[in-house]
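**Student:** First to last, the sequence lines map onto chains A and B.
Under the numbering used here, the first residue of the first sequence carries the number 1, and numbering increases by one thereafter.
Under the numbering used here, the first residue of the second sequence carries the number 251, and numbering increases by one thereafter.
The set of hints was computed from the structure by calculation and includes no laboratory data.
Fair warning: this is a prediction, and the values are worked out from it, not measured in the lab.
Every residue, glycine too, gets a C-beta built ideally from N, C-alpha and C.
One or more hints might be untrue.
[Said to hold, decoys possible] Computed Cβ-Cβ distance ranges for the label pairs, DEER-style: (1) B:G263 x A:L51: 49 to 57 Å; (2) A:N48 x B:I269: 22 to 30 Å; (3) B:Y275 x A:T163: 40 to 48 Å; (4) B:E308 x A:G195: 55 to 63 Å; (5) A:Q171 x B:T267: 52 to 60 Å; (6) B:Y275 x A:K59: 20 to 28 Å; (7) B:K266 x A:N161: 13 to 21 Å; (8) A:K90 x B:K266: 46 to 54 Å; (9) B:K266 x A:K207: 34 to 42 Å.
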Amino acid sequence: MANKKFSSRLIVGTGKYKSMNECAKAIKLSGADIVTVAVRRVNISDKNKPLLMDYIDPKKITYLPNTAGCFTSEDALRTLRLAREIGGWKLVKLEVLGDKKNLFPDMIETLKSTEVLSKEGFKVMVYCNDDPLMAKRLENSGASAIMPLAAPIGSGLGILNKTNIMIIRNQTKLPLIIDAGLGQASDATIAMELGCDGVLVNTAIAKAKKPFEMAQAFKNAVIAGRQSYLSGRIDKMLMGSPSSPSKGII
Amino acid sequence: MKKLKKIKIKINGKIKTIIDKLTLYELINDLKIPIRKVAIELNKEIINKKEIKKIKLENNDVIEIVHFIGGG
Chain A
1 MANKKFSSRL
11 IVGTGKYKSM
21 NECAKAIKLS
31 GADIVTVAVR
41 RVNISDKNKP
51 LLMDYIDPKK
61 ITYLPNTAGC
71 FTSEDALRTL
81 RLAREIGGWK
91 LVKLEVLGDK
101 KNLFPDMIET
111 LKSTEVLSKE
121 GFKVMVYCND
131 DPLMAKRLEN
141 SGASAIMPLA
151 APIGSGLGIL
161 NKTNIMIIRN
171 QTKLPLIIDA
181 GLGQASDATI
191 AMELGCDGVL
201 VNTAIAKAKK
211 PFEMAQAFKN
221 AVIAGRQSYL
231 SGRIDKMLMG
241 SPSSPSKGII
Chain B
251 MKKLKKIKIK
261 INGKIKTIID
271 KLTLYELIND
281 LKIPIRKVAI
291 ELNKEIINKK
301 EIKKIKLENN
311 DVIEIVHFIG
321 GG
C-alpha cells in the first residue's frame with residue numbers, strides 16, 4: 001500500500017483503551033503494523049500525562065494519522081497538514097463526518113479533501129460509505145486506499161451490505177479496507193472472504209471484555225479469511241451432495 | 251531596573267501572559283514540550299520547527315500545539 005509493504009492485513013485503532021499499557025499490549029497481540037492515531041492539543045497544564053509515542057514506537061509501528069472528529073474539509077486538511085509536520089508522514093487516513101449521531105461520512109467534503117490532499121502529495125486512505133459510485137470517484141481523485149464502512153463507527157453491527165462491498169472489490173485494484181462497525185472476529189473473516197485487502201478495527205478490540213484475547217482473535221480471523229478467499233470456495237447448491245462415495249455401500 | 255513589558259497570547263485555547271519579545275522556541279521550552287513530538291500552528295499557519303528560534307511572539311498571537319494521541 002502506498003508503495004510500502006506491510007506484514008499484517010489488520011490495522012488497529014489506538015482509542016478507547018483503559019490505559020496506554022493495555023493499548024500497547026493489545027496492538028502487539030493483534031500483530032498489526034499500522035495503527036491509527038488522532039491529532040489533538042497537547043495538555044499544557046499536565047505535562048506528566050503519558051505520551052502515545054512513549055508506548056508505541058513509531059519506528060516499529062506505522063502511525064496512520066486520522067482526521068476523526070472532523071466535520072469539514074477545512075478541518076480535515078488542517079489536521080493532516082499538522083500531522084505531517086509532527087512526523088513527516090504522508091500516509092494518512094481521511095475521515096470527514098457528516099452527522100454527530102450516526103457518524104456517517106460526509107462524502108462531498110470527503111471527495112473535496114481527497115482531491116486537495118492527493119495534489120499535496122499525501123497518500124490518502126479514505127473512509128467512505130459503501131457506495132460503489134462514490135468509491136470510483138474517490139479512486140479517480142487520487143485515493144491510495146478505499147475504506148468503506150461495514151456499519152456505523154463503533155456500532156459492532158458487522159458488514160451490513162456485502163453486495164456493495166463485492167461490487168467495490170470487483171471495480172477497483174486499489175487496496176480495499178473495511179473500516180468501522182465490526183463487532184467480532186468473524187466479521188473480519190467475512191470481510192476478507194469478500195476479497196478485501198484488510199480491515200481496520202478499534203472498538204471491537206478495545207471494548208471487548210478481554211481485549212487481549214480479542215486482539216488475537218482478530219489477528220487469526222483476518223489470516224483465516226484471507227486464506228479462505230485465496231483458496232476458492234465451492235459453488236453454492238440448493239440440494240445436498242454426499243461426502244462419502246455411494247459405490248460400495250453395504 | 252526597567253520593568254519587562256508583558257503581552258497576552260492564546261495557547262491551546264487558554265490565555266497566557268508572557269514577557270514581550272519571547273520567542274516561540276523559548277515559550278515551548280518553558281512549557282517543557284518535546285518539540286520533536288509536536289506540530290505548532292501560529293495564527294493558523296503551520297510553523298516550520300527549524301524556524302521557531304527566530305519567531306518572536308506578539309500580543310494576541312494564537313498558538314496551537316498538537317500531538318498524536320490514541321484514536322480510531
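**Student:** Starting from the hint 52 to 60 Å, judge whether the C-beta atoms of Q171 of chain A and T267 of chain B obey it.
**Tutor:** 58 Å, holds
**Student:** Taking 49 to 57 Å as the stated bounds, is the beta-carbon spacing between G263 of chain B and L51 of chain A within them?
**Tutor:** 20 Å, violated
**Student:** Do the beta carbons of N48 of chain A and I269 of chain B sit within 22 to 30 Å of each other?
**Tutor:** 26 Å, holds
**Student:** Given the hint of 46 to 54 Å, check if K90 of chain A and K266 of chain B actually sit that far apart at their C-beta atoms.
**Tutor:** 33 Å, violated
**Student:** Range hint 20 to 28 Å: satisfied by the CB atoms of Y275 of chain B and K59 of chain A?
**Tutor:** With Cβ atoms ~25 Å apart, the hint holds.
**Student:** Holds or violated: 34 to 42 Å for the Cβ distance of K266 of chain B and K207 of chain A?
**Tutor:** Holds: the Cβ-Cβ distance is about 37 Å, inside 34 to 42 Å.
**Student:** Kindly confirm whether 40 to 48 Å is satisfied by the beta carbon distance between Y275 of chain B and T163 of chain A.
**Tutor:** 56 Å, violated
**Student:** Assuming the hint says 55 to 63 Å, is it satisfied by the Cβ distance from E308 of chain B to G195 of chain A or not?
**Tutor:** Roughly 56 Å apart at Cβ, these two residues keep to the hinted range, so it holds.
**Student:** A range of 13 to 21 Å was offered for this pair. Does it hold for the Cβ distance of K266 of chain B and N161 of chain A?
**Tutor:** Between K266 of chain B and N161 of chain A, where Cβ atoms are some 50 Å apart, the hint is violated.
Checked against the numbered hints given earlier, the structure breaks hints 1, 3, 7, 8 and satisfies all the rest.
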